[in-house]
Each structure stands twice: as C-alpha cells, then as structure tokens.
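Undergrad: According to the working numbering, the sequence shown is numbered sequentially starting from 3.
Since the hints were derived computationally from the structure, they do not count as laboratory data.
Among the hints, a few may not be true.
Using C-beta positions, here's what the derived DEER-type ranges look like [what the hints assert, rightly or not]:
1) Ser73 to Glu32: 24 to 32 Å
2) Val11 to Pro64: 28 to 36 Å
3) Leu22 to Gly83: 12 to 20 Å
4) Asp24 to Phe68: 13 to 21 Å
5) Arg47 to His80: 15 to 23 Å
6) Arg39 to Ser74: 29 to 37 Å
7) Ser74 to Arg7: 25 to 33 Å
Treat the numbers as computed from the prediction; the structure is a model and nothing was measured.
By construction, the Cβ of each residue, glycine as well, lies at the ideal position given by its N, Cα and C atoms.
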Amino acid sequence: MSRRRQIPVPEEVVAAIVALADDGFCRRSELARSFPRLESRDLRRALRRAVSQGLVIERRGPDGAFHLAVSSEGWNRHRNG
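Throw the hints in and build the complete structure from the sequences for me.
TA: Okay, structure coming up:
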C-alpha cells in the first residue's frame, strides 16, 4: 500500500512565490526548486488549486515558459494568514 503524497496547500504555494519573486513574476521551474520532493504532476495540481482559488496568476511568457505571480487576493491572504 503506497502512502499518499502531501500536496502543498495554496497558502504554501503563495508563500513560495513571494519568497522567490516578491511582487513580480517567477518561472514555474524556479518554483519547482522550492518543493524539491514534489513531482511535477503534484506541483501542477497544487498550482491549479491556487489559481482556481484566485490566489495566483499564471501566464505564458513570450519564451513559452509559464510565469507565476501572486494576485491581490493572494497578497491579502498571505498578509493576514
């Protein structure tokens, strides 16, 4: 029987983006380094959860890479939470 992987909660994703980029954008590959034990599928799942809650903005840059930033709702939750 395999143990379930622990996927980071959206607040942890927001905190990692703030640590990397503060109020700017960071690449998704940079964020992956903040969660070294997390598989790429689980990282995408955690990001999707944060994006769907409106805490994170995800955009594709002109270079084709995904870039992430914290939304205003994400900042509010990060400061108060």
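Undergrad: Go through the numbered hints given earlier and state which of them the structure violates, listing their numbers in rising order.
TA: 1
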